[in-house]
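> Below are the chains, spelled out letter by letter.
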Amino acid sequence: MNVDGGRLPAMSHQAAVRPETWVDRHGDALYRFALARVGNQRIAEDLVQETFLAALRAAERFAEQSSERTWLISILRRRVADHFRRRARQPEELNEALERAVAGRFTAAGKWRAAPASWGADPAESAVRSEFWDVLAECLSALPASAASALALRELSGLGSDEVCKELGVTPTNLWSLLHRARLRLRDCIERKWFKKD
Amino acid sequence: MSALRDVLRILTMPCRDATEAISRAMDERLPWSLAAAVRVHKLVCGACRRYERQLQALREILARGADTSDEDSGAPIRLGDEARRRIESALRDANL
Chain L
1 MNVDGGRLPA
11 MSHQAAVRPE
21 TWVDRHGDAL
31 YRFALARVGN
41 QRIAEDLVQE
51 TFLAALRAAE
61 RFAEQSSERT
71 WLISILRRRV
81 ADHFRRRARQ
91 PEELNEALER
101 AVAGRFTAAG
111 KWRAAPASWG
121 ADPAESAVRS
131 EFWDVLAECL
141 SALPASAASA
151 LALRELSGLG
161 SDEVCKELGV
171 TPTNLWSLLH
181 RARLRLRDCI
191 ERKWFKKD
Chain G
1001 MSALRDVLRI
1011 LTMPCRDATE
1021 AISRAMDERL
1031 PWSLAAAVRV
1041 HKLVCGACRR
1051 YERQLQALRE
1061 ILARGADTSD
1071 EDSGAPIRLG
1081 DEARRRIESA
1091 LRDANL
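Respectively, the protein sequence lines represent chains L and G.
Under the working numbering, the letters of the first sequence match residues 1 to 198, in that order.
Under the working numbering, the letters of the second sequence match residues 1001 to 1096, in that order.
What the hints contain is simulated information worked out from the structure, not anything from laboratory work.
Some clues are possibly wrong.
[Unchecked claim] So the derived label-pair ranges between C-beta atoms look like this:
#  : chain 1 : residue 1 : chain 2 : residue 2 : range
1  : G       : Asn1095   : L       : Lys111    : 55 to 63 Å
2  : L       : Lys193    : G       : Leu1004   : 44 to 52 Å
3  : G       : Ala1025   : L       : Ala108    : 42 to 50 Å
4  : L       : Gly104    : G       : Asp1093   : 41 to 49 Å
5  : L       : Arg42     : G       : Arg1005   : 33 to 41 Å
6  : L       : Ala103    : G       : Arg1085   : 23 to 31 Å
7  : L       : Lys193    : G       : Ala1063   : 15 to 23 Å
8  : G       : Val1007   : L       : Gly160    : 32 to 40 Å
9  : G       : Ala1090   : L       : Gly158    : 27 to 35 Å
10 : L       : Ala101    : G       : Pro1031   : 26 to 34 Å
11 : L       : Asp122    : G       : Leu1011   : 33 to 41 Å
12 : L       : Thr107    : G       : Trp1032   : 26 to 34 Å
Just so it is clear, CB atoms sit at the ideal spot from N, CA and C, and this is done for glycine as well.
Please put together the full structure from these sequences, using the hints given.
So this is what it looks like as structure tokens:
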């Protein structure tokens, strides 16, 4: 019971916005949103932090009709778009290391040097173990930025290929090539750090 | 002769090209001759069959990882403790 005659203080913008609770209440959701787009742990964490700080500066503009989460996600969405735009202006990184790693998986005749190892009867059951997701994020973050974003947008965000092309400003042929290399590398990394470890 | 070339290409596809096509097939429908070549290749190549199964498994697993809907989905990808502390402290400093 409220001792003040049963009346709650009038809701103000200040009362509606509670930054001290943001990380607990929205941190995971915002991080997932960012990681599923940029595909890199550190960049996703930085974008979440920038989002909270931008929200803090704009707190008085928070329209109460949208939920706090929706408001924060809309800020993050703009930050992610800015991030992609900034990166698109930089010359595309030379994915030579990725190229070499992929080429190194096959002999000159194009056969596997070492065939993929078995992942057991039900690899999908790994998904229920929280440590698996740490390994996944680590392996994803080890990929070059464009390959990591392509894979994250396609497989974590579940966007269609055409939407991924638009988001990253690449042609379909570029995208297939990025995704192919990214999948091959991610598969190898997860096998090395997760399935062989068991 | 061109039909013979197609048949030869179908019969002699190396794993390097097959893996590329297996990945591409996850993103779009392959041209028929490439699709046929991959099918034939997989008949004789256990390693590429396994590769395809593992990519499909990865897709299935990743789809569960980052439910980015607005609700608290219980999705397993979470902000790490160190990042959580760093962000909380930045937020405290800015909110003084």
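> Now, for every hint given, state plainly whether the structure supports it.
Hints and how they fare:
About 59 Å separates the C-beta atoms of Asn1095 of chain G and Lys111 of chain L, a value consistent with the hinted range of 55 to 63 Å. At roughly 46 Å, the beta carbons of Lys193 of chain L and Leu1004 of chain G sit within the given window of 44 to 52 Å. Evaluation of the 42 to 50 Å hint for Ala1025 of chain G and Ala108 of chain L yields a failure: the beta carbon distance comes to about 25 Å. Between Gly104 of chain L and Asp1093 of chain G the CB atoms are about 46 Å apart, so this pair conforms to the stated range of 41 to 49 Å.
Separated by about 49 Å at the C-beta atoms, Arg42 of chain L and Arg1005 of chain G break the suggested range of 33 to 41 Å. Between Ala103 of chain L and Arg1085 of chain G the beta carbon distance is about 41 Å. The supplied range of 23 to 31 Å is therefore violated. The supplied range of 15 to 23 Å is met by Lys193 of chain L and Ala1063 of chain G, whose beta-carbon atoms lie about 21 Å from each other. Range check, Val1007 of chain G to Gly160 of chain L: Cβ separation about 34 Å, and the 32 to 40 Å hint holds.
A hinted range of 27 to 35 Å for the beta carbons of Ala1090 of chain G and Gly158 of chain L is consistent with their spacing of about 31 Å. Separation of Ala101 of chain L from Pro1031 of chain G is about 27 Å and conforms to the stated range, judged on CB atoms against 26 to 34 Å. Judged by the Cβ atoms, the range 33 to 41 Å given for Asp122 of chain L and Leu1011 of chain G holds: they are separated by roughly 34 Å. At roughly 28 Å, the beta-carbon separation of Thr107 of chain L and Trp1032 of chain G lies within the given 26 to 34 Å, and the hint holds.
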